[in-house]
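2 protein chains.
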Amino acid sequence: MNETTHLGKRRRIIDGYEKVTGTAHYTADLSLAGMLHARPVLSLYPHARIRSIDAEAARAMPGVVAVLTGPDLNRGRVAHSRPSMLLAEDVVVFAGQPVAVVVATSEAKAADAASLLDIDYEVLEHVEDAEQALQDEVFVWPQGVPVAGGSMASLHGGDAGERGEAKISNIDQSRVFERGDVQAALAQAHAVVERRYTNAWVHQSYMEPHAVVAQPGGRPGQVTVYTSTQGQYAVRSEVARTLGLRERDVRIEPMTVGGGFGAKYGIIDSLVAAVALQVRRPVRMVLSRSEDMLTTMPAPGTRIQVKLGADAEGQLVALDVQVVIENGAFSFGHAGIIATMIGGMYRCANVRIQTQEVLTHRAPTGAYRAPGVPQALFALESSIDELARTLGQDPLDLRYQNAVGAGDLTGTGQPWPDIGFKACLEQARAHPIWRKRGERPNEGVGVAAGGWPGAFSPAGAVCRVDTDGTVRLHVGSVDISGVHSSMVLIAAETLGVDPDTVEIVQGTTDSGPFAPASGGSQITISLSGAVLEASTQVRNQLLDLAAGHFEAHREDVELVEGQARVKGVPGNTIGIGQLAQLSQRQAGGPGPVVAEGRAAIKAGAPGFTVQFVRVHVDPDTALVTPLEAVSIQDVGYALNPLLVEGQMHGGTAQGLSMGMYEGLHFAGGTLTNPNYLEYVFPRASDLPPIEAIIVEHPSEHGPFGARIVGEPPITAGAAAVANAVRDAAGVRVTELPVTSEALWRLMQDRN
Amino acid sequence: MNETTHLGKRRRIIDGYEKVTGTAHYTADLSLAGMLHARPVLSLYPHARIRSIDAEAARAMPGVVAVLTGPDLNRGRVAHSRPSMLLAEDVVVFAGQPVAVVVATSEAKAADAASLLDIDYEVLEHVEDAEQALQDEVFVWPQGVPVAGGSMASLHGGDAGERGEAKISNIDQSRVFERGDVQAALAQAHAVVERRYTNAWVHQSYMEPHAVVAQPGGRPGQVTVYTSTQGQYAVRSEVARTLGLRERDVRIEPMTVGGGFGAKYGIIDSLVAAVALQVRRPVRMVLSRSEDMLTTMPAPGTRIQVKLGADAEGQLVALDVQVVIENGAFSFGHAGIIATMIGGMYRCANVRIQTQEVLTHRAPTGAYRAPGVPQALFALESSIDELARTLGQDPLDLRYQNAVGAGDLTGTGQPWPDIGFKACLEQARAHPIWRKRGERPNEGVGVAAGGWPGAFSPAGAVCRVDTDGTVRLHVGSVDISGVHSSMVLIAAETLGVDPDTVEIVQGTTDSGPFAPASGGSQITISLSGAVLEASTQVRNQLLDLAAGHFEAHREDVELVEGQARVKGVPGNTIGIGQLAQLSQRQAGGPGPVVAEGRAAIKAGAPGFTVQFVRVHVDPDTALVTPLEAVSIQDVGYALNPLLVEGQMHGGTAQGLSMGMYEGLHFAGGTLTNPNYLEYVFPRASDLPPIEAIIVEHPSEHGPFGARIVGEPPITAGAAAVANAVRDAAGVRVTELPVTSEALWRLMQDRN
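The listed protein sequences correspond, in order, to chains S and A. For the first sequence, full-length UniProt numbering assigns the number 1 to the initial residue and increments by one for each residue that follows. For the second sequence, full-length UniProt numbering assigns the number 1 to the initial residue and increments by one for each residue that follows.
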């Protein structure tokens with residue numbers, strides 16, 4: 001980058017004021033004329049047959065407009081994924097599955113009536129967990145797993161792979177990714193470590209539960225959906241497909257999002273749209289926290305067996321991995337991305353990764369920031385740590401020696417482009433937390449690496465200058481992570497204006513322009529090119545107008561601080577708003593100042609991270625206290641370092657939390673802690689200070705050299721916690737989260 | 001035009017379904033969360049001092065949130081036009097001026113409380129009409145007329161002219177437009193006719209009264225205004241200027257408009273925005289019919305003295321006109337456009353037009369479809385008719401002989417571009433209604449000509465193709481006359497798609513792109529170029545994508561019926577939606593299919609009309625029954641003849657109505673017929689069948705040769721009625737509307 005005025009500088013987020021003062025409009029704030037309120041009735045059982053639903057008492061309640069059940073909405077359509085599930089019909093397959101919807105004139109009336117619904121279930125034997133599922137004795141889908149054309153995983157940049165042939169089994173999909181000869185390499189290895197790692201299901205735990213308002217349109221089959229989503233185009237496709245509507249008849253209006261983390265791709269949107277079309281009134285459904293945790297799509301549990309071999313010099317020679325992904329009633333297709341990363345962090349000639357997606361009678365799982373990778377790297381990075389101990393090598397040195405670089409392969413055999421993994425490791429080696437480790441008793445420092453390949457997609461943007469000098473950027477992206485704050489800087493830098501004069505216009509599916517969903521860490525790198533192109537065209541239009549105004553050559557005109565002027569004549573200026581006004585009024589002129597940019601990034605810009613955690617482990621109680629965390633991440637180029645650090649802090653906190661606190665508990669197939677009293681979720685005071693260290697190893701493909709940012713920081717924290725506990729307490733934890741009880745038992749076993 | 005598939009073909013309007021079925025969303029349908037309702041309290045007196053306002057009882061009513069008066073909202077700002085008037089403070093200047101606003105939780109509560117307001121007025125002497133105003137004894141503005149920088153007339157394509165020097169007078173502005181030596185020419189003329197013509201004030205009589213919802217934004221000073229308007233950008237400027245806000249903080253969302261006709265430029269928008277900002281809640285104000293007629297901006301009365309001289313061959317030699325425009329408390333600046341047309345229909349070397357804009361204590365006047373021209377041409381075309389009688393010439397021949405063409409001058413001295421006035425007259429001469437006139441007793445046929453120069457402004461548009469093949473046109477224009485239906489045809493023609501697959505996306509002031517307001521007949525010709533450019537770019541993008549897909553040369557690819565194919569290989573096609581999908585997904589590709597067009601039309605494309613009316617006049621009662629009307633209009637090129645005819649029917653009906661029915665009645669300075677029971681407004685059965693004959697004399701500047709359409713058809717009807725009555729009854733009516741009572745008296749006088 002050349003010298004910049006705004007780009008690369010720390011600048012506060014553009015929508016902070018609204019969020020802090022409470023004036024931001026969330027979906028639950030929306031109230032439309034004639035709007036009704038819907039409450040879902042969720043199944044109490046993980047697997048049961050619905051014998052009958054008696055809605056008479058509910059329907060008789062004052063204010064109740066409708067009680068809808070499966071036959072009212074499904075119209076024979078078969079669900080093949082969580083978002084395509086409307087209401088259960090005949091059989092429920094998870095506790096938390098919507099069985100009925102009560103629609104009333106107020107939310108309270110709907111809730112009261114919902115409690116009067118009398119549903120007669122015949123409880124069926126259910127599949128509790130992966131172990132039971134793998135026995136293939138009781139089946140989640142005795143008639144076979146419903147399938148459809150699309151794959152949701154592709155939304156998140158994962159590799160969905162090919163489905164196996166149809167058979168009645170709980171094993172939804174088995175895949176093998178292999179290169180070299182793992183068996184032979186392991187047999188000849190100087191050192192081999194082997195362990196099995198498991199982790200709890202966790203929930204994305206966004207602040208704002210799922211909330212949707214759907215409004216029938218002006219013509220039959222038209223519907224507008226106001227929703228808390230990460231990607232309006234993805235939701236439009238989903239709603240249209242699920243309800244059999246034309247895409248053009250489905251209008252999605254993305255609202256302010258109170259946290260997404262991969263979960264906000266329209267889980268209840270089709271249901272609410274179907275209800276609104278049925279009752280021909282606007283309908284709002286806002287899930288309660290418990291409903292949200294019961295009926296949405298959490299992150300899956302995994303059981304990962306790792307066998308890792310190295311030669312005497314510490315060169316990895318074999319990696320043999322077996323992955324069981326414990327899904328709910330539908331799998332999300334995590335296998336591809338797990339394989340990509342678990343087999344793609346370190347150079348290794350002989351790799352075999354076997355994956356099984358298995359189904360249970362639980363809520364279908366979904367995406368959670370870097371889906372599957374924290375789990376995968378918990379296994380891999382713990383194994384690397386153990387291998388270093390076996391070899392007597394420094395774990396950072398071992399990583400550096402084997403770390404992948406440009407041209408090395410991912411676990412699925414694709415070559416990496418130029419990446420900054422080693423640059424992060426170099427920063428890590430110099431950090432005091434590492435150099436001073438081992439100085440205090442009962443304390444340990446753990447290190448772990450992580451990363452994410454990142455998706456990338458074409459995107460469009462429209463830029464215009466208004467008569468008061470305001471620059472408007474019209475984009476079809478959703479801002480869940482500050483991405484629009486960076487787009488503002490790109491436009492401000494290009495046009496020579498104060499970033500405060502650049503406003504974002506949020507596109508709906510109708511107004512566009514198209515942008516991919518804000519997931520897979522792709523939105524900044526995908527959108528930047530379009531914004532840059534649109535801004536550059538607008539810059540050229542302004543220079544042309546100014547050249548005409550000053551009767552000067554265009555090359556002699558410059559844009560500085562919202563003004564155009566002839567170089568060397570700083571006193572004589574014209575505001576860009578005045579130029580826009582001239583252009584808007586000039587008959588026969590070039591027309592309003594507006595331009596569209598369209599761009600498709602050429603290739604991905606993967607991001608890597610190395611993280612440290614320092615913990616204290618109480619030798620008597622095994623209480624783990626995190627003392628300090630360091631998150632080092634290659635972001636290529638930090639468009640706005642303040643926001644990049646925010647992403648690093650947030651992701652690191654979530655990784656640590658997966659390591660130390662979070663877990664959904666199931667008993668008898670039912671989630672037993674669907675609330676924030678019982679689901680252990682760290683407060684700010686439960687987390688250590690996190691130091692964010694930005695590494696800028698420019699990407700050749702990302703805009704201005706920028707790389708993906710959002711997902712890498714979550715990928716290493718859980719493994720770093722486990723390695724820190726190993727360092728402090730001398731025992732290897734193989735199950736997440738690291739509870740004091742389990743750790744204490746391990747410490748007792750060692751003694 | 002080459003051979004077309006969609007352009008130039010009759011096709012129904014795109015939003016007819018919603019309007020007919022009642023699902024279109026008008027402003028009054030809008031209900032926002034926490035929204036309050038506002039009722040205005042209007043002055044009962046044309047001129048009075050407000051001694052005090054006792055709001056105690058109103059404030060005590062349940063549900064009343066606020067009672068606001070002038071000092072609450074005006075903040076020292078002085079109004080200089082009707083839209084900038086918030087609430088009266090100290091003095092009221094017209095009966096109907098808002099004095100207070102009551103805000104309550106329901107409209108009924110606000111109305112009830114409003115009736116309890118106790119306002120103590122000191123009634124002041126008022127200026128009743130133009131005659132009294134011209135005496136300059138009682139003054140509308142004893143301290144001088146408040147002024148501001150801008151001129152509203154410029155919105156409508158009129159010539160605002162220069163204001164005279166400041167003095168205390170009811171004559172707001174006097175202008176003289178002169179060429180040649182009128183006095184001398186009149187003295188030497190072979191024949192001279194002279195008469196004085198007057199007309200009543202009329203109201204625009206849109207179906208939907210003014211309605212505004214204003215909602216405070218997320219930050220102080222931000223406001224969103226949902227409004228029934230013809231132009232969101234004009235309203236934004238008005239609201240920002242009136243309330244002292246930054247333009248970027250004012251967001252205007254244009255709603256479906258139930259009729260505008262020049263009146264929907266934000267009359268109460270600033271007031272409602274001020275109220276919403278004051279109470280910090282969304283506020284809706286929907287005027288009742290009576291309030292709307294009392295407090296908005298009707299069309300002015302005029303008194304026009306015409307002296308017209310010709311030589312023995314029928315060549316016009318002198319036109320001497322004195323125009324008094326009777327405004328309310330503010331003038332709108334009609335003088336320029338009246339002079340343009342009254343002195344611009346016929347070639348004449350010696351012209352003098354003297355205009356006076358005078359003020360009275362009535363509601364400030366405003367624009368009504370071709371503002372001022374029906375009044376002006378009532379005077380001119382009646383005079384031409386009389387001149388023909390005096391000369392013994394056929395009135396159509398006299399018009400043809402003198403009609404202006406390219407290079408001839410308007411009344412303000414500008415040369416006309418190539419126009420189709422004579423082409424219309426040629427059509428008229430051949431029409432049976434003219435050739436068969438005089439065949440039946442007590443019937444008469446009148447002819448009159450009209451026209452409108454038309455405004456033109458730069459505009460932008462964005463076109464994109466969606467993955468399901470839907471083409472979206474994003475425009476900043478408001479559709480009050482079917483203009484968007486024509487834009488759809490332009491895009492469909494350019495892209496080779498079914499017009500039903502083209503959707504319009506309505507831009508707000510934020511999302512843009514900029515377009516001028518839908519007034520001055522300019523929107524179709526101003527917007528078409530931008531839509532054509534955007535569509536053409538998208539066409540090129542699609543051809544590139546298809547060429548890549550088929551591995552063919554781009555020149556060999558064609559777009560037909562929504563599909564791309566290689567010429568000569570009709571079997572192998574790919575839908576444009578699929579091309580868009582490929583492009584949206586292709587990493588490294590060109591990006592989404594989207595393009596912006598920006599265009600500024602080079603010069604105007606004026607439109608002319610010739611109209612016939614056949615009437616029966618009862619010799620005993622003087623009842624005038626319209627039997628038949630013919631409206632011949634040069635539209636250059638009819639983009640959609642069905643909609644052009646709709647414009648011609650509507651405008652002709654309004655012109656006939658001004659001739660025969662409509663008039664606001666004032667007594668004691670107060671409007672006495674502010675409702676549709678007493679304001680005579682024709683039902684469909686009161687109007688004759690109207691034959692619309694389209695003449696296509698292509699404009700060199702308008703898109704595809706198209707000319708302005710909306711305003712010409714209203715300009716000739718009133719004069720045609722007067723000339724028909726002259727033909728049937730033998731008397732010259734010089735006052736509009738032609739009432740039976742006045743006509744009977746004239747007929748009595750003649751006998």
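There may be inaccurate statements among the hints.
A pair counts as met if it fits within one copy or between any two copies, since identical chains are not told apart.
Said to hold, decoys possible - Below are the SDA-like pairs computed for lysine to any residue, each with C-alpha atoms no more than 20 Å apart in a straight line:
hint: 1; residue 1: Lys436; residue 2: Arg11
hint: 2; residue 1: Lys422; residue 2: Glu89
hint: 3; residue 1: Lys9; residue 2: Val138
hint: 4; residue 1: Lys19; residue 2: Arg281
hint: 5; residue 1: Lys19; residue 2: Gly221
hint: 6; residue 1: Lys602; residue 2: Gly589
hint: 7; residue 1: Lys567; residue 2: Gly413
hint: 8; residue 1: Lys167; residue 2: Gly668
hint: 9; residue 1: Lys602; residue 2: Gln414
hint: 10; residue 1: Lys9; residue 2: Leu32
hint: 11; residue 1: Lys602; residue 2: Arg585
hint: 12; residue 1: Lys19; residue 2: Gln305
Honestly, the hints are just simulated from the structure, not real lab data.
How the hints compare with the structure:
{"no.": "1", "hint": "Lys436 with Arg11", "in the structure": "neither (34 Å within a copy, 80 Å between copies)"}
{"no.": "2", "hint": "Lys422 with Glu89", "in the structure": "neither (54 Å within a copy, 73 Å between copies)"}
{"no.": "3", "hint": "Lys9 with Val138", "in the structure": "neither (58 Å within a copy, 65 Å between copies)"}
{"no.": "4", "hint": "Lys19 with Arg281", "in the structure": "between (30 Å within a copy, 18 Å between copies)"}
{"no.": "5", "hint": "Lys19 with Gly221", "in the structure": "between (35 Å within a copy, 17 Å between copies)"}
{"no.": "6", "hint": "Lys602 with Gly589", "in the structure": "between (36 Å within a copy, 7 Å between copies)"}
{"no.": "7", "hint": "Lys567 with Gly413", "in the structure": "neither (54 Å within a copy, 42 Å between copies)"}
{"no.": "8", "hint": "Lys167 with Gly668", "in the structure": "neither (26 Å within a copy, 91 Å between copies)"}
{"no.": "9", "hint": "Lys602 with Gln414", "in the structure": "within (16 Å within a copy, 56 Å between copies)"}
{"no.": "10", "hint": "Lys9 with Leu32", "in the structure": "neither (41 Å within a copy, 39 Å between copies)"}
{"no.": "11", "hint": "Lys602 with Arg585", "in the structure": "between (40 Å within a copy, 12 Å between copies)"}
{"no.": "12", "hint": "Lys19 with Gln305", "in the structure": "neither (44 Å within a copy, 65 Å between copies)"}
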